[in-house]
Amino acid sequence: MPAPPPDSLDRPAVISALRARIARMERAGAAEALAARGEDAVPLAPAIDSGLPWGGLPRAALHEVLAAEPGAAGGFAAMVLARAGGTVLWIAPEPDAWPPGLARFGLTPDRLVLVKAPREQDALWAMEETLRCPAVGAALLVTGELDLTAARRLQLAAEAGGVLGLLLRPDADGAAPTAALTRWRIGAAPSESPSRHELGDPAWSLDLLRCRGGRGGTWRATWHEGQASLVTEESAARRTPVRRRA
Amino acid sequence: MRRRFCRPPRMAMPSLLGTEPAEAEKASAAPAGGASALPRRVLAIRLPRFPVERLRRPGPVAIWAQQGSRRVLVSVSEAAETAGLETGQTLADAQAILPEVVLVPEDPAGDAAALERLALWAMRFTPLVGVVGLDGLVLDIAGVEHLFGGEAALHAEMRGRLSRQGLSAVVAVAGTAGTALALVRDGWGGIVPPGQEQATVAPLSLAALHLEPALIRVLQGLGLRSVGTVAAQPRPALARRCGAGLMRALDEALGLAARPIVPIRPPPEMAAARNFVDPVVTRDGIEAALDGLLDELCRALREAGRGARRLLLRACRVDGAVQEVAIGTGLASRDRRHLARLFREKLETLAPDCGFDRMALEAPMTDPLIGLQEDLGTAGRSERREELAQLLDRLSQRLPVWRLAPRASHWPERAMRRVNAFEAIDTLEGWNSRPRPVRLLRRPPYVGAVALLPDAPPSLLRIGRDSLRVTRAEGPERFEPEWWRDRPDRLFRDYYRVELSTGSRLWVCRIGFAEAGTEARWALHGHLP
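Chains as they are written, first to last, in the numbering used here: chain G, 24 to 269; chain H, 125 to 653.
So here's chain H without its partners, still in its complex pose (with noise of 0.2 angstroms):
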């Protein structure tokens, strides 16, 4: 029922390439410059219809935008296309043409989401997917295309699983990034053979190298009208006349400069997939998947002597949808047992609808973590350090989990700072040398308080309605305000400790001192023991 990676290539090898993909990688090692072992080679795919056929809607529709007092459209569909429709026409001449078209206002944010989402749908081919403007997307695919059964199967099944989501693309194999995107933009699609990209990158128009467009209006006036004639001109005479910006167009199209692919996730340290026929529904299903690709991880990482930090699960619906589910341990584990425990808490999120045909398991961050025995039933010190690490991380998954270190200051509010549950703890000399409460209220009440001397301890405190009678006093504790951190208006605080007549006791504090005509305020801060 499962495939893993390997899918048996459903095309015959085009006569395009020729040759056996390993005798092609022989083949392109010279052309490359032996920079490593194995050619880049790269795929490239511009969507030019993906704002409109993202919406998936059926009939005719366009996209307008508001350019200055005009609306024009942006983007039309095919069928739109067909009755007369094209972009930057006016709205009211849409309408006259096509009356029931449907007209959706741009949404420049919604389609960057859009394509971030079908880019993370792409990294089921490969880890490496860069994001190129608002229509592209950019492939690393060397080293995996044998997973697919060689490039041009794998080229046509990207073709039919883009087609299948309903968008019209155009899909380029080339040596370079910036050459398979000049293909694309120019609308070729198809696989450039290693070592023939200046060819064929030669014969295409200047929208390739997308440039400005006074640049490319520039560029005609003088008679170039495709990439070649402008490469076949005197470098410096272009250089001085267009800017540098034509030449690394240039450059990168003909593949002589290389154009890094930004990935929008980082590539992982390890990572398992699995494919599935039959798409996965159930929840069994799903931790069954899970528990598959985790044994997985975990081998690979005992192998490797590490620990996952980290763990990604990546699931890709059938329509398109991709999602994520994230954990993350305070130690580095490979402990198959609790990874799938964290999960189990988080899968509820996972919306399958129709179905996952394909789920992927990845480890972004590892630690080394060497020499554990696993599944001993002993209980040694590390052991149990071990169980409660698990304890914690499966608390963090929920809810906060902290813990708290002595700070340099006698602010109580200041005295504590929080630190990760998994930090150690160091005690400061002498932090703790005076009676404090054990629980330190967070919105101190204001009460009101009677004292003979204004500098004197209380000797009637008024909590609510209740007025009490004190019995014994502490003190005070004057703590200055930190001048240093804290604003010029803040005024010194006078700890008591005081103990009522019902025998509680209370850690109150004066606020400065009463100012003429008014009383001193008084607040609670805590309930001593």
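Chain G on its own, in the form it takes in the complex (with noise of 0.2 angstroms):
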């Protein structure tokens, strides 16, 4: 029985290497220059950032945010937007975002563009035009059922362009394939205030459906607006099984 040539070398070493190496081709470079601007992924909260792949929410690829409730999964989309940094296309058919509210994410006025596309193939057009160009952060796009053709191609334009981009859409059917690297549903969660006269610190609850190369994975979180810091609640985080990307 021959023995395997000496100079063999460790096998899955060669093989994550090689996977590496068409991951890096297949983005088109984006992560470099990401890399090289020093970049990286969009943090969300130190519990949450741990358990998915790329230590955070990453840039140069498409997020989908299904709005159980539409003030919560609007303020995780405002706090997402706001931390990518750089300028933020809002795309929608009518585009109702209002910076007195955004603002206190953090998302300034002078970061905000509004584009108003009421056709779908407009607004598709525009969010991959905005996904290619280096020059954004990030671009959001409110819209309604996408199919998975369109929604690839809104995850290559993002790999090729480093934009982060976000779609916020209904939770309508949440069981439809998708071509985005992740999968939110945002709900409201009772706030924990004492009083019935004060609100207090709004609550979300964060599910994780699908997460490319990850695990999916459910929070109730606390939005500190003081400290514009996301808390999770360690006794509620607990972990659900992988679930294949269909």
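Heads up, a few of these hints could be off.
[As the list claims (entries may be wrong)] Among the chain H residues that face chain G by a calculated CB cut under 8 angstroms, a handful are:
1. L516
2. L519
3. S533
4. M540
5. N544
6. A545
7. I549
8. L552
9. R563
10. P568
11. P605
12. W608
[To be verified] When the alpha-carbon atoms are kept at most 20 angstroms apart in a straight line, the in silico EDC-like pairs for lysine to aspartate or glutamate are as follows:
13. K470/H to D459/H
14. K139/G to D459/H
15. K139/G to E168/G
16. K139/G to E547/H
17. K470/H to D145/G
18. K139/G to E469/H
[Stated by the list, open to error] Ranges between beta-carbon positions, derived for each pair:
19. G108/G to E537/H: 28 to 36 angstroms
20. R175/G to E553/H: 42 to 50 angstroms
21. R175/G to H270/H: 56 to 64 angstroms
22. I494/H to P200/G: 20 to 28 angstroms
23. E547/H to G167/G: 28 to 36 angstroms
24. R589/H to P200/G: 31 to 39 angstroms
25. I494/H to R238/G: 37 to 45 angstroms
26. E240/H to T131/G: 46 to 54 angstroms
27. W608/H to G237/G: 42 to 50 angstroms
28. R609/H to R175/G: 32 to 40 angstroms
If you are wondering where the hints come from, they were derived from the structure by calculation, not from laboratory data. Remember, it's a predicted structure, so these values are computed and weren't measured experimentally. Backbone N, C-alpha and C define an ideal beta-carbon position, used for all residues, glycine too.
Mind assembling these two chains? They're in different frames, but the hints should get you there.
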């Protein structure tokens, strides 16, 4: 029985190196450009980031946010957009983004540009153009159901441009397959304010429904506006088993 | 295949001009009075049958109009005229003379639009084209005649092109617009050598002066039947008797007073144009032509240290139709690829049909743009700003794009105003001190609410069919209407931030107080995070 050649390398190491190379090529160099700029994944909360394979919400990718409750989902999206930095484009059939609310998450009006796209094909075109532009920090598209091809196009555009893309959708049919890297469902949770006359800091329930190459999860988190931080409740954190991407 | 600007002269110089164009210019510099280095040369066109000929119908055609209780012909085609029809005839007479004549009701608005299109077409000769009345065009051709091989060749080409479009035209070239127009009004077509305006205009009939019919009758009653005889009269007496209008018309016709040309399009700051021997029909061909034009224009812009804010592509079709495509940029740009990309979205609107034989690219609006390093692969801040501007340009060609700037108003609908996407935003002091929804509902729905007291926060909300229990409430925040802006019957609003038992947070308001016997009106204005 012939022995393996003495110079044969560690097989798993070779494969992982090749995989990394393919990933670099697939992302059209955007990842390296981002790394060179010192911009890595957008942090959410320490407990959530540690569960994500990228250590946060990665740029150069598309993320879906299903709005189980419009207010909470809007707040979560505003937080991600604000933390992504740079100019943010808000594309919607009727853009109703309101800076007095957004600014409280750190998204100031000088960083916000609104685009009105009443027709779906215009909206997808605008989103794709935006995601391909490295001068943009993040882009949000308010949309309904999105077919897989369109979502895949957006994902590729985001990889090419290194822009973080968010799809804000109503929580209608969460089971449809997606080309986005992650899918979140954001709902509201009763806050823990002791008084009936004080709302206190808002609490959200975050469901990570899909995560390519990672595990899903459910968290209950409180947005502390004073410290501009999202704090998860350890007791409520429980991990759900891996759900494979469809 | 392509010829730019210059085309070889098709005709020999007529003996009328006698000299080379350059010499003619020198010779005419003296009578022009030295106001400018280049003497004025104006080409005037009169289209006597334009309303009927623009329809391009075969056979005898006539256009009629309702004048009081009569229907009379106002324009007849050449075929109809040879058969005996004439303007001023009644419709019944015309039909009796020539039963097969096609009668079309008049359409002055359509005529004016068609004349403007023709004026656009005439911009292939010179950028300064004006429309005069309902049937005339004036072109300032000073300094462009050499592109066509001299004045005479330009004159011949204009006549040839108009007749190929089926338009009968009188074309004259003279030193001033007034003279040229007077000549064509009287049906005199030709070229007036510099300095001979008065001698040429003198024998013309009074129709050349474009006067009121009553005034013409007065002059004819005095035995004055030509422009020359009128001009020979003592001016004070003439002015007293016939008014200043006659004197001005006379001076303009004789070239003594300047008549300005009002251009249909402001002359561009920069332009490039190409003529094609073979008409361009395909999309590829149009794009290639546009690339060439952009190349030329961007080079000129770079040399001038400027960037374009607006660009206009004017494509002239073989049949005389002119189509325009315009793009705008937020920041001045002379990046050829960027501008080509902006055009690419819009080229679909062009309909080449039988092909374009000329395309011109103009920059009607430019801004200074200096010290820009182009095509250097570094990602400095200014380059990213440039890239963002280019993205916003591309988006705004197709979709509305704007930014929101805070305004000093607490009324929620007025707290932000739309500004240009390229404008800088200043924030006001303390403009977002309270929790607010991230998205403001455009059409706030009315909701039902149950409150224990008229001015208490709601304890139950009814949205649609759902009854939702309120667990926490903050407020009220009262917003008074802005009396200097609002109508007087607008009511104040009391805003509450409420949390439902599900955890949802809403921004609801009570509009005014409850009237006796009615419930207070409540509205949902947004979802709080």
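Evaluation of the provided hints:
no.	hint	in the structure
1	L516	holds (7 angstroms)
2	L519	holds (5 angstroms)
3	S533	violated (11 angstroms)
4	M540	holds (6 angstroms)
5	N544	violated (11 angstroms)
6	A545	holds (6 angstroms)
7	I549	holds (4 angstroms)
8	L552	violated (10 angstroms)
9	R563	holds (5 angstroms)
10	P568	violated (11 angstroms)
11	P605	violated (19 angstroms)
12	W608	violated (22 angstroms)
13	K470/H to D459/H	holds (18 angstroms)
14	K139/G to D459/H	violated (26 angstroms)
15	K139/G to E168/G	holds (18 angstroms)
16	K139/G to E547/H	holds (18 angstroms)
17	K470/H to D145/G	holds (14 angstroms)
18	K139/G to E469/H	holds (17 angstroms)
19	G108/G to E537/H: 28 to 36 angstroms	holds (30 angstroms)
20	R175/G to E553/H: 42 to 50 angstroms	holds (46 angstroms)
21	R175/G to H270/H: 56 to 64 angstroms	holds (59 angstroms)
22	I494/H to P200/G: 20 to 28 angstroms	violated (52 angstroms)
23	E547/H to G167/G: 28 to 36 angstroms	holds (32 angstroms)
24	R589/H to P200/G: 31 to 39 angstroms	holds (33 angstroms)
25	I494/H to R238/G: 37 to 45 angstroms	violated (55 angstroms)
26	E240/H to T131/G: 46 to 54 angstroms	holds (48 angstroms)
27	W608/H to G237/G: 42 to 50 angstroms	violated (57 angstroms)
28	R609/H to R175/G: 32 to 40 angstroms	violated (49 angstroms)
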